[in-house]
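Heads up: the sequence lines are chains R and U, in that order. Read in order, the letters of the first sequence are residues 953 to 1267 in this note's numbering. Read in order, the letters of the second sequence are residues 4 to 479 in this note's numbering.
Bear in mind the hints are in silico, worked out from the structure with no lab data behind them. A few of these clues could be false.
So the derived list for chain R, only partly shown, Cβ under 8 Å to chain U, looks like this [unchecked claim]: (1) P979; (2) D995; (3) S999; (4) V1000; (5) A1160; (6) K1162; (7) L1168; (8) Q1199; (9) R1205; (10) A1206; (11) V1227; (12) G1229; (13) R1230; (14) I1233; (15) D1235.
Ideal placement from N, C-alpha and C gives every residue a C-beta, glycine not left out.
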Amino acid sequence: MSALDPREELAQRLGLATVPPVRFDSPAEVQKLLAEHDYLSDDAIASVTYLADRLAKPVLVEGPAGTGKTALAKAVADAIGARLIRLQCYEGLDESKALYEWNYRKQLLRIQAGRPEGAGSEEWHHLEEDIFAEEFMLTRPLLEAISASDPVVLLIDEVDRVELETEALMLEILSEYQVSIPELGTIRAKQIPMVFLTSNNTRELSEALKRRCLYLHIGYPSVERERDIIISRVPGISRALAEQVAQVVRSLRALDLKKAPSVSETLDWARTLVVLGREEIGDEDAAATLHILLKYQSDIERASKELLGRSRPVA
Amino acid sequence: MLNLLGDFIGELRAAGIPVSMSEHVDAARAVEVIDLGSRSLVKATLAATLVKDGDHLPVFNTAFEVFFSTRSWESAEELFSDELQRDAEREGAPGASGAGPGRGQGSGSSSMSASELSELLFRALKNGDMEALRAGAGEAVSRYAGMEPGRPVGGTYYLYRTLRSLELDALEERLLSDAQRPHDDGLAERLAHDEVRARIAQLKAEIEREIRERLVEDRGSQALAKSVRKPLPEDLDVMHANREEMAQLERALRPLSRKLAVRLARKRRRRRRGPVDLRNTVRRSLSTGGVPLDLRFKPPRPAKPEIFVIADVSGSVASFARFTLHLVHAISSQFSKVRSFVFVDGLDEVTQLFEGVEDPADAVARINAEADVIAFDGHSDYGRALMTFHDLYAKDLTKRSTVLILGDARNNYHQAHAELLADLHYRAKAVYWLNPEPTNYWNSGDSIVSQYAPYCDRVIECRTLRQLEAFVGELA
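If we strip away everything but chain U, and leave its shape as in the complex, we get (with noise of 0.2 Å):
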């Protein structure tokens, strides 16, 4: 058991959860005292000893169903092995799921016609029967997966073939008919309908981890512990993050922002002292004879910086001057002033979207369709969109102002203008160039990060949630 909590300690920092010496001890102690018999205690244990943050659960909980499967726990001595389920591959294990003679192969001499099947999956959401539900499950991933031993994949192309071959939208359809009643209202409708859908993503769920401890048993734990690893949400590469991930990053974004304005609050609360208050020192030492004791200070008034952002919103790094956005205005009682611009071809400024709005992110999402930038054929032209920020608003730009500018630089061979951004430069505290490549692409293709450089304090790559949030507390 210590080996294999090792182990899988060693796929949670893999993974990305700090888990410190101390907490890896608690583990070990808390494993002890448990009746290990019960698998839902001891993941509870585990993420109660090891994960300090709700966020990271689930990736936890992946972790845990590789390398604590089901099938691994039937026998209590494989525990204790050190030994990964690898050696416990073997034939005939009474399986709680999937009795199917294929299991493994895929291949189909199944005992149930693709109908019967279909039937017994509608007859087990429609009754809530999970027992059923897991039977149907292991069916149809011997039945459509068509899993080969031994390839090296996650298991996201087994899941696409079931799903696919079983038709859930018919599945969908059906049970929909049948919970639905005559004399039935809205809310009554938008229940059923809510409720269908909950059960067929317990049945996705179902085939999932089906699939993924058909893997454990075919190449073992840790090897496919590595190709099932999830990010967590702040490290997320925020330029190819898919629309899942995507819908990850906007609801970790809230949080992150809210307690980033919590945490500069404070720390501009607790710099206190300011000059000494001579006049109100003086008046304080009267009660004292004269003797000023008591040493008054003006409180503390620490310029707050102006922001001028300029973002890229073409295509590809779209979601990330988004993201950048949502999180400069989340915290922009930090600032003096926040002006924001957005460009492609064209520049617009959008400063006036985020005024009197409660959540930056309504503001963000009227971006596209309220702003003006698309000057020409809509390939982001950096040289253009420098041109008339200089044009029009050079001008405002003060020694206290910090200009952002954020794009991946790909200037689809136009003229840069880099002489445009030294006078920016030369106008302005700083200018930061926030860039979502990763540093090995920079300069690559069209990119020209570095003709921008010279004329930059600093250009940063920023590809992740923990980065951003990292420069932007340091902005502040």
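The shape of chain R in the complex, shown without the other chains (with noise of 0.2 Å):
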């Protein structure tokens, strides 16, 4: 048996005539052109960014909040220069909102329009032909990232937020890259998207939806990266300022803090410094500012106890 490489695969099955070209080289390629897009990846984002596109697979990143799981979607998306059609799950979001919809309005007009002309049961043949065809579809991001025929990223963000039955919509795409439509048939993509899903761990995912995707674990970085993320992404910053800045900030996670501050609160932080003007994090300006980074009082009082507690004076 001669095993097919993954993407020819794919291509048979959904009857492409040519294989798209691999869009990423190696994995240093993947971390260049996410750097040029302001997006400063470790090893194991661009080894699975690599991989995504490589196996044709979708990829499920997990991590805590605001590490920047959304920002590889985008970032990946404008470094092949494809567009993003993003899906916002909700709980309560359904196929009428994800998938495809029927243009209900459109057909009745259709039905009225075509009236007078005589009402034989011929003619309500082709009338109903007519009215399920994809004129009168309405397309919702999953079967329009199906369906687009220039490069696409999908990204499904917070997938852990919909119902046990929502998330098993998405398998077929997952898996099969192609929609089933009872009137219509099966249509099937027309190139291969790349695609991400998001979530945030708030409940567990069904083995199936796992076992479709490559799992990526996006945690916290280190200072290193953190730093040199909050270089690129904070315009006017110090080196050393923002060495200090990673510092505070992994002092500050290795505390039990009911919410530990993300990424994003990070790089609020290093720019409310910037614009206070300030060169070096001294103590008044880390109390006078750490509820940018910490959103609960107790969190606050705690990390001030902590961090600045030893020489402070008894005010």
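The two chains are supplied separately, each in an independent frame; assemble them into the complex guided by the hints.
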């Protein structure tokens, strides 16, 4: 048995004339391209993105809030010059919002417009075929991503928020890159889109979904990487300050807090310090701006006690 | 490679990570298309295809270190040979680290003196020089670990020996005094401290890796994998967890209870059909000329159970009781009422500690300080606890109350008072006993589970978070 290349096999199944070329040559290239679009990846992120493209598989990205899961999909879309199609998940999301819906009003208009010419059963047969055509369909993000002919990146955001039943809707797309519509038949992808799913892990996703995806866990970045992220995203910040910010945040994350500061909150804080014109973080500045990093009063109290407590005069 | 992959997956499964057949196939196809020369890429590939849960990553990392150690990586053909690293143990393979002649043997014909070594480590740590740090770690292991070939150990012992000889505390002190500047304020001091600590942790990890690699050379991957295998957090035995594992459990508990709460809330919402709402149906039928086309149903109102938790908080079972209390209170919205009692040889109600706190963990932490549980000598006395509970609170039990008793039923040869449990059983809807000991220890020594068992609806062995979650989920 000669094993087919995964991309070739998928292209054959989808009936594509040519196998779409690979988007990235190596993980190093992914890293470089993403860096050009202000997204600093690490080895794991670059490798999994490369694999996702190479194997034509979706990626399930999990990790704490604000560590750049959604940003990754955006950066990839920018890097390969593709359109980003985003499906924001929420509880109660259903087929008609995620996949497709019949344009009922347009169908009604069509029926009424056709009526005066006579009402035979022959006519009705034509009409029926007519009103269930693609023309009368409203495409929703999932179908749009499948039927697009230009390059797209599909982002299914916070997939852990939908119910189990809705999750099942996505399985066909994730593994086969196709959608079955009872009235129309199966719509196959015209190209192989890149698919990212993000999850905040508020509930266990089904085995079926996990099995179809590559898994990428994005945790909090190391001090060095966080420093580089700050430097690339906050204009006008000095290297020393960025380093210090990254160190403070690491110390905060080591504390037992209700909500550890995320990367996006770190960036907000760094921007604030730049606006305030600080070159170094003193105790006073830290105490005054801690509320940007931490969102619970008890966390703020705890952090100022732990981090600033020792030499702080009793006020 | 395929054989090695097969063995590796076997190890992951043995460690409790569920790897399905199709994931195995995915991994095999993935390694075909990547550059096998890059270790980090192979690692990311295997992690992405085989592990689908962030909590499982540490276990994966350990297994990966053992099966794909950096040393064996250096010659690519080993990868494709199905013989494991054992026969790759060639003399003088150019190691990235630890070129000392005493490799694998330990005892000291080393080229460096102790003070030279500690100076090397100090400078490596100070400058954050990974290369030098790695060399230093290798040297330290050759010098201090005293490894003996063929011993079936997991390496913790060697790690301990090396670390003790290195006197890391002194090293830390030195780094700290070096990093400190005179005008530093509190924050800067703290940052310097954390930085030093992070670097020391790096050194420790490096030493651990070094030891593990030498063990792999000595005994082969599969044998070693078995001895360094760590259970997943949800499979850790709560009663015998060490401090580090305990911290792991604490971390695992919060997301677990949150997930459980979400799942139960969904389950409750989904059962939507109550009985037919006649009034509403008739009102609706007016628009269809009095024909009830559209049936209306009352919203479901499933009875929420009342929970009475009675927990032994003495010594060894205390952590188990804390976890259970945490979990039960985290999903207290699924119950109409939760009342908690803790005992050793006296019994005290601690329900009020949980009232108005956002995070049950806070309340659980306060139990030890505030509950009045010791009446006499501080050895658990189930009979006395039952008696107090029966006297004071038995009247509150109704046919909707479920009683949970947590403990190992080791009664220190006191009186059992099983007849009181019988009366509680008669009054309540159900009585469950959760025992954190393995089933085959029950009724040995002073454990008297069998005396209480006839009056419990079920006695359940509950040693891990997984078992606990399953039980609590069933309860709601």
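Does the nearest C-beta of chain U fall within a distance shorter than 8 Å of the C-beta of D995/R? Interface hint status for D995/R: holds (4 Å vs cutoff 8 Å).
Supplied contact hint for L1168/R, tested at 8 Å Cβ to chain U: L1168/R check passes; min Cβ-Cβ to chain U is 6 Å, inside 8 Å.
Please verify that hint: P979/R, Cβ, nearest Cβ of chain U, below 8 Å or not. holds (6 Å)
Do the numbers back the hint for I1233/R, that is, is its least Cβ distance to chain U under 8 Å? Since chain U brings a Cβ to about 7 Å from I1233/R, closer than 8 Å, the hint holds.
When the least beta-carbon distance from S999/R to chain U is tested against 8 Å, hint result: Status holds, d = 3 Å.
Using 8 Å as the Cβ threshold, decide whether R1230/R counts as touching chain U. This hint is violated: R1230/R lies away from chain U, its Cβ roughly 13 Å from the closest one there, beyond 8 Å.
Mind checking the CB of K1162/R against every CB in chain U and telling me if the closest is under 8 Å? Hint on K1162/R: holds, closest Cβ of chain U at ~4 Å, below 8 Å.
Per the CB criterion, is R1205/R less than 8 Å away from chain U? violated (10 Å)
Cut-off 8 Å, beta-carbon criterion: hint that V1000/R touches chain U: For V1000/R, the interface hint holds, since the closest Cβ of chain U sits about 5 Å away, which is under 8 Å.
Mind checking the CB of D1235/R against every CB in chain U and telling me if the closest is under 8 Å? Holds, about 5 Å.
Does Q1199/R pass the interface check with chain U, least Cβ-Cβ distance below 8 Å? Constraint on Q1199/R satisfied, holds at 5 Å.
Holds or violated: is the Cβ of A1206/R closer than 8 Å to a Cβ in chain U? At about 7 Å, which falls below the 8 Å cut-off, the nearest Cβ of chain U leaves the hint on A1206/R intact, so it holds.
Checked against the numbered hints given earlier, the structure breaks hints 5, 9, 11, 12, 13 and satisfies all the rest.
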